[in-house]
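Protein chains in written order, with this note's numbering: chain X, 28 to 354; chain L, 28 to 354.
Keep in mind that the hints were calculated from the coordinates and are not lab data. If you're wondering where the values come from, they're calculated on a predicted model, not measured in any experiment. It cannot be assumed that every hint is accurate.
When chains are identical, the list treats them as one kind, so a pair holds in a single copy or across two.
[Said to hold, decoys possible] With a straight-line Cα cutoff of 25 angstroms, these simulated SDA-like cross-link-like pairs (lysine to any residue) come out:
hint, residue 1, residue 2
1, 202, 71
2, 322, 117
3, 202, 233
4, 311, 205
5, 65, 306
6, 322, 203
7, 300, 232
8, 81, 58
9, 122, 322
10, 212, 278
11, 310, 60
12, 122, 252
13, 324, 231
14, 202, 312
15, 162, 188
16, 212, 271
17, 65, 267
2 protein chains.
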Amino acid sequence: MNLHMEKPYVAGIDIGGTNTVFGIVDARGNIISNGAVKTATFDDAGDYVDDVCKHLLPLIEAQGGIEKIKGIGIGAPNGNYYSGTIEFAPNLPWKGVIPLAAMFEKRLGVPAALTNDANAAAVGEMTYGAARGMKDFIMITLGTGVGSGIVINGQVVYGHDGFAGELGHVIVRRKNGRLCGCGRKGCLETYCSATGVARTARELLVARAEASLLRNIPVESITSKDVYEAAVQGDDIAQSVFSYTGEILGEALADFIAFSSPEAIILFGGLAKSGDYIINPIKKAMNDNLLAIFKGKARLLVSELKDSDAAVLGASALAWELKELKD
Amino acid sequence: MNLHMEKPYVAGIDIGGTNTVFGIVDARGNIISNGAVKTATFDDAGDYVDDVCKHLLPLIEAQGGIEKIKGIGIGAPNGNYYSGTIEFAPNLPWKGVIPLAAMFEKRLGVPAALTNDANAAAVGEMTYGAARGMKDFIMITLGTGVGSGIVINGQVVYGHDGFAGELGHVIVRRKNGRLCGCGRKGCLETYCSATGVARTARELLVARAEASLLRNIPVESITSKDVYEAAVQGDDIAQSVFSYTGEILGEALADFIAFSSPEAIILFGGLAKSGDYIINPIKKAMNDNLLAIFKGKARLLVSELKDSDAAVLGASALAWELKELKD
Chain X
28 MNLHMEKPYV
38 AGIDIGGTNT
48 VFGIVDARGN
58 IISNGAVKTA
68 TFDDAGDYVD
78 DVCKHLLPLI
88 EAQGGIEKIK
98 GIGIGAPNGN
108 YYSGTIEFAP
118 NLPWKGVIPL
128 AAMFEKRLGV
138 PAALTNDANA
148 AAVGEMTYGA
158 ARGMKDFIMI
168 TLGTGVGSGI
178 VINGQVVYGH
188 DGFAGELGHV
198 IVRRKNGRLC
208 GCGRKGCLET
218 YCSATGVART
228 ARELLVARAE
238 ASLLRNIPVE
248 SITSKDVYEA
258 AVQGDDIAQS
268 VFSYTGEILG
278 EALADFIAFS
288 SPEAIILFGG
298 LAKSGDYIIN
308 PIKKAMNDNL
318 LAIFKGKARL
328 LVSELKDSDA
338 AVLGASALAW
348 ELKELKD
Chain L
28 MNLHMEKPYV
38 AGIDIGGTNT
48 VFGIVDARGN
58 IISNGAVKTA
68 TFDDAGDYVD
78 DVCKHLLPLI
88 EAQGGIEKIK
98 GIGIGAPNGN
108 YYSGTIEFAP
118 NLPWKGVIPL
128 AAMFEKRLGV
138 PAALTNDANA
148 AAVGEMTYGA
158 ARGMKDFIMI
168 TLGTGVGSGI
178 VINGQVVYGH
188 DGFAGELGHV
198 IVRRKNGRLC
208 GCGRKGCLET
218 YCSATGVART
228 ARELLVARAE
238 ASLLRNIPVE
248 SITSKDVYEA
258 AVQGDDIAQS
268 VFSYTGEILG
278 EALADFIAFS
288 SPEAIILFGG
298 LAKSGDYIIN
308 PIKKAMNDNL
318 LAIFKGKARL
328 LVSELKDSDA
338 AVLGASALAW
348 ELKELKD
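The whole structure should be built from the sequences, with the hints applied where relevant.
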């Protein structure tokens, strides 16, 4: 505990294709200060790291300097925990394998850990959120895509290569499945992401003839938020979109439970906050599809972290476990 | 290492619905001596444990007595590792929750551990077989049913309740799936077990008109062994049965890899020894269905343990990790 007194803060950096957000976080999950830079404006990863550090260092100084920082946690697409590298991330400007954790360590002089954003979210939930005290749970992030972070025996599952936990790309429809950004067909993500919800809405609007509030919106610009707002107003097609989405997700969750028998499944992201419209069909399909031995065991929870804070908190949480750098 | 000198043996007990087999095993996986009793003849679990001990104790004495035995490992259907109990096993004569590990500990005075047979097989493979030195792999047992044992970070995944790793009951066909013994439809086990292979053969013999060696066998008594023998003789329907089976298994394995990104998948059981007829279609479907990031990484291996020894070896392997009983 003395350690937390000496080094009471961690830094979290979440790297997205458009923005990078970062912050200084204390042991209770309070974001003391934060900032952001535009990821996409840096063609060179070195320049990018310099710029993040330029903005991050004043925040660190304001808390008493780098000796108060236990470490830096980084959430990034295609992040490899073992090597601390980002590998061939399609949505980032830097190609190939980028040793980002080492680059931050070198510039700031504190240890850094890196993993993908969904794994970081799982660590964040375990450290500050709904999974405190849990040793076995699965985090599902429902955003533009579907990500996952799996925790077993209190440890994130990274697999032999650092890339485990791609549950958004489990195939849920083998026949006539939707084309996924990954090039395959029928991935969970094509149905249960925000994008998948909008796609389902467009399909249902064609397949069904009845009136719908969604018909007031140009079909190609419908978002999952529009679907939610229509559902709240009692729109039948919008509510059907959530039923359909929830059923597919619930079926998939039942299979995930057969793998690791978690204490809970924790949903994160805008969709997870669409309330009973989506939670009820997920719960029903999950329970209907569970093997008898697992029935009534795993809880379905929604993340306790604020959407706007979660990325920085998740990344920061990685850093509490870090050991000091050797000279 | 001194420990192995003082207590150089473990005992393994594999409990099946019909037979219980047991043996004394050394650290290299040699079965020094073994025996068997009929499980189903004992209505009372206490009588059963007494009978197993009656047959096991002379084997223990022959190796220098109980002080040479590090512990007892037990593989059993519906075995819960955490509690050492068998819980509501449908194919065993004892109903409810049976504290079998504790019963053996009490009678023999050495520590006992218990888990289901597929998890025991995974530990056996890690200790004596194809998974030596591996920290992340998935064991798939292809027998009357399909079982699985998942190892992550060198530890068997038991889940929060002790029952994780039921990959035979992942749903692989959501529409018109085959009815499974578990009461649900479309489970992997209904297609890729020995029983599933025989079922596929019967279906193909009806669906297709051409000649087949399998037509010489009464349709209800066709076994997966018959299918293998016909395939070896060039029988087209028999070979199609394996292609169909292998494709479904390979698709499922690709999804399992997205979960835990293992170094290898290890197949065990008669079907796994049906050679290229089944291995080639599994490999092809697995590779065709992998997310790009996992392609070419996980190896597909066949168990190195002899079928006849594997059950005792797997169970015995659990015992090397056991700590001494406290008085």
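Each hint tested on the structure:
1. 202 x 71: neither (42 angstroms within a copy, 50 angstroms between copies)
2. 322 x 117: Between copies only: 17 angstroms across, 39 angstroms inside.
3. 202 x 233: Both: 20 angstroms inside a chain and 23 angstroms across chains, each within 25 angstroms.
4. 311 x 205: Intra 23 angstroms, inter 22 angstroms, cutoff 25 angstroms: intra and inter.
5. 65 x 306: The answer is neither: 34 angstroms in one copy and 49 angstroms across copies each exceed 25 angstroms.
6. 322 x 203: This pair counts as between: shortest inter-copy Cα distance 23 angstroms, intra-copy 30 angstroms.
7. 300 x 232: Classified as within: same-chain Cα gap 23 angstroms, cross-chain 51 angstroms, threshold 25 angstroms.
8. 81 x 58: Classified as within; 19 angstroms inside a copy, 65 angstroms across copies.
9. 122 x 322: Result: close only across copies, 19 angstroms inter versus 45 angstroms intra.
10. 212 x 278: Both: 17 angstroms inside a copy, 12 angstroms across copies.
11. 310 x 60: neither (37 angstroms within a copy, 51 angstroms between copies)
12. 122 x 252: For residue 122 and residue 252, the Cα distance exceeds 25 angstroms both inside one copy (33 angstroms) and across copies (51 angstroms).
13. 324 x 231: neither (34 angstroms within a copy, 39 angstroms between copies)
14. 202 x 312: both (20 angstroms within a copy, 15 angstroms between copies)
15. 162 x 188: both (22 angstroms within a copy, 11 angstroms between copies)
16. 212 x 271: both (18 angstroms within a copy, 20 angstroms between copies)
17. 65 x 267: Neither: 38 angstroms inside a copy, 55 angstroms across copies.
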